[in-house]
Amino acid sequence: MPTPTPSTTRAALLVLADGRFPAGGHAHSGGAEAAVRAGRITGAAELEEFCRGRLHTAGLVAASLAAAAALGVGPAPLDAAADARTPSPALRRVARRLGRQLMRAARATWPSAELDALADRFPKGAHQPVVLGLTARAAGLGAEDAAYCSVYESVGGPASATVRLLSLDPFDATGVLARLAPEMDLVVGRAVEAAWRAVDEGVDVLPAVSAPLLEIGAEAHGGWAVRLFAS
Amino acid sequence: MHLDHTHTHDGPSAVGADAHRPDGSRRALRIGLGGPVGSGKTATVAALCRALRDELSLAVVTNDIYTREDAEFLLREAVLPPERITAVETGACPHTAIRDDISANLEAVEDLEDEVGPLDLILVESGGDNLTATFSKGLVDAQIFVIDVAGGDDVPRKGGPGVTTADLLVVNKTDLAPYVGSDLARMAADAKAQRAELPVVLQSLRGEDGVTAVAGWVRERLAAWTA
Numbered sequence: 001m002p003t004p005t006p007s008t009t010r011a012a013l014l015v016l017a018d019g020r021f022p023a024g025g026h027a028h029s030g031g032a033e034a035a036v037r038a039g040r041i042t043g044a045a046e047l048e049e050f051c052r053g054r055l056h057t058a059g060l061v062a063a064s065l066a067a068a069a070a071l072g073v074g075p076a077p078l079d080a081a082a083d084a085r086t087p088s089p090a091l092r093r094v095a096r097r098l099g100r101q102l103m104r105a106a107r108a109t110w111p112s113a114e115l116d117a118l119a120d121r122f123p124k125g126a127h128q129p130v131v132l133g134l135t136a137r138a139a140g141l142g143a144e145d146a147a148y149c150s151v152y153e154s155v156g157g158p159a160s161a162t163v164r165l166l167s168l169d170p171f172d173a174t175g176v177l178a179r180l181a182p183e184m185d186l187v188v189g190r191a192v193e194a195a196w197r198a199v200d201e202g203v204d205v206l207p208a209v210s211a212p213l214l215e216i217g218a219e220a221h222g223g224w225a226v227r228l229f230a231s
Numbered sequence: 232m233h234l235d236h237t238h239t240h241d242g243p244s245a246v247g248a249d250a251h252r253p254d255g256s257r258r259a260l261r262i263g264l265g266g267p268v269g270s271g272k273t274a275t276v277a278a279l280c281r282a283l284r285d286e287l288s289l290a291v292v293t294n295d296i297y298t299r300e301d302a303e304f305l306l307r308e309a310v311l312p313p314e315r316i317t318a319v320e321t322g323a324c325p326h327t328a329i330r331d332d333i334s335a336n337l338e339a340v341e342d343l344e345d346e347v348g349p350l351d352l353i354l355v356e357s358g359g360d361n362l363t364a365t366f367s368k369g370l371v372d373a374q375i376f377v378i379d380v381a382g383g384d385d386v387p388r389k390g391g392p393g394v395t396t397a398d399l400l401v402v403n404k405t406d407l408a409p410y411v412g413s414d415l416a417r418m419a420a421d422a423k424a425q426r427a428e429l430p431v432v433l434q435s436l437r438g439e440d441g442v443t444a445v446a447g448w449v450r451e452r453l454a455a456w457t458a
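Protein chains in written order, with our numbering: chain B, 1 to 231; chain C, 232 to 458.
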């Protein structure tokens, strides 16, 4: 008789994946504000293309870092790997700031020795996906769960920011996310596969795809005097 | 129930409401200032800095909606050295940053204590928001809600979490009351009815007393904090 799949962590996954999890994400647009200003996002159709591009580039990289951290790959090499995959200094600062904020929320929510050690090693924050992976471990979640949180954030952030930036119909923005769901599943699969390879072969085998417009846009956005979002 | 859960407190910056810093010293008292747009929050912060800066070590965190204007106003007015003023970006939602997701503000207050401390007092100013915007107890130890007579003398009667629950309600710009047809006595009576024993200060920063009453309330809070 088959034993039922244990589902004891599913609720923990929802807690971590919830957009209301208090880890600072609400103040960031994931590059959407720069894209809106540049005229690249004017409605739901362009938002979908923007999110698709982000999902397959920065989203895949972040998800593989998170999955590798969840599998126990060392946070220091992963943080260095994240640096190497993030050309824009502005985006590196944002990633570390969000990592620090997540670290605080995670340590208060799921206290763990590994998170304490991470905070000692990176008091001003490690890259957010690395912290996310260790948070998943502390919450009893696996690599696939960490990757799912990461890919969902990579598109959910820009979608909700665009609702505020363009007064976009929120049903249209949520429809974009729903249409991207099958692709999110695929990206999670790739990220977890790469993370397992990194366990044996080191962090260099993790994906290193980039989105130059996101990097350039982030540098420009960082210099604006008036903006709604921190990035 | 969780008497053994001090293990979450021994690392740096784990829990925002902790009264002690990682090195065991008592952290600064944190007072939040919220209220509607244009009610005089930044002017009150500036006046408090001028009134208290010679007797206390203090710093300010601002939460602007989409600019750094409040921080820049304080810098321009030179109420404190620039390293004692930090601006937090709120993604267009100051109430989220001061209530629902306080992580960026906690980081700002802790960085200020690390970099310019020891501090006695940190004022955390919210960007102008609506009447329901209140500060999380995980971020501040006490909060001041600032409204003004020109925003309508029915605001105290309407109530809302800011008006009814703030530790101090300030009705600002009393000098304008005759010009905007606001009834100060009615505002005071309505505020009293909404707030029972919680204090209310009617203030004009242009008047002789200025911020004196609010500064006195802050001193009392600080005395209780350090007692």
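Derived by calculation from the structure, the hints in this document are not laboratory data. Be aware that one or more of the hints could be misleading.
[As the list claims (entries may be wrong)] If you want a taste of the chain B side facing chain C, the calculated C-beta under 7 angstroms gives, among others:
id, residue
1, G24
2, G53
3, Q101
4, R104
5, G140
6, R164
7, L228
8, F229
Where is the CB? At the ideal position from N, CA and C, for every residue including glycine.
Hint check results:
no.	hint	result
1	G24	5 angstroms, holds
2	G53	22 angstroms, violated
3	Q101	4 angstroms, holds
4	R104	5 angstroms, holds
5	G140	17 angstroms, violated
6	R164	5 angstroms, holds
7	L228	4 angstroms, holds
8	F229	5 angstroms, holds
In summary, the numbered hints that this structure violates are 2 and 5.
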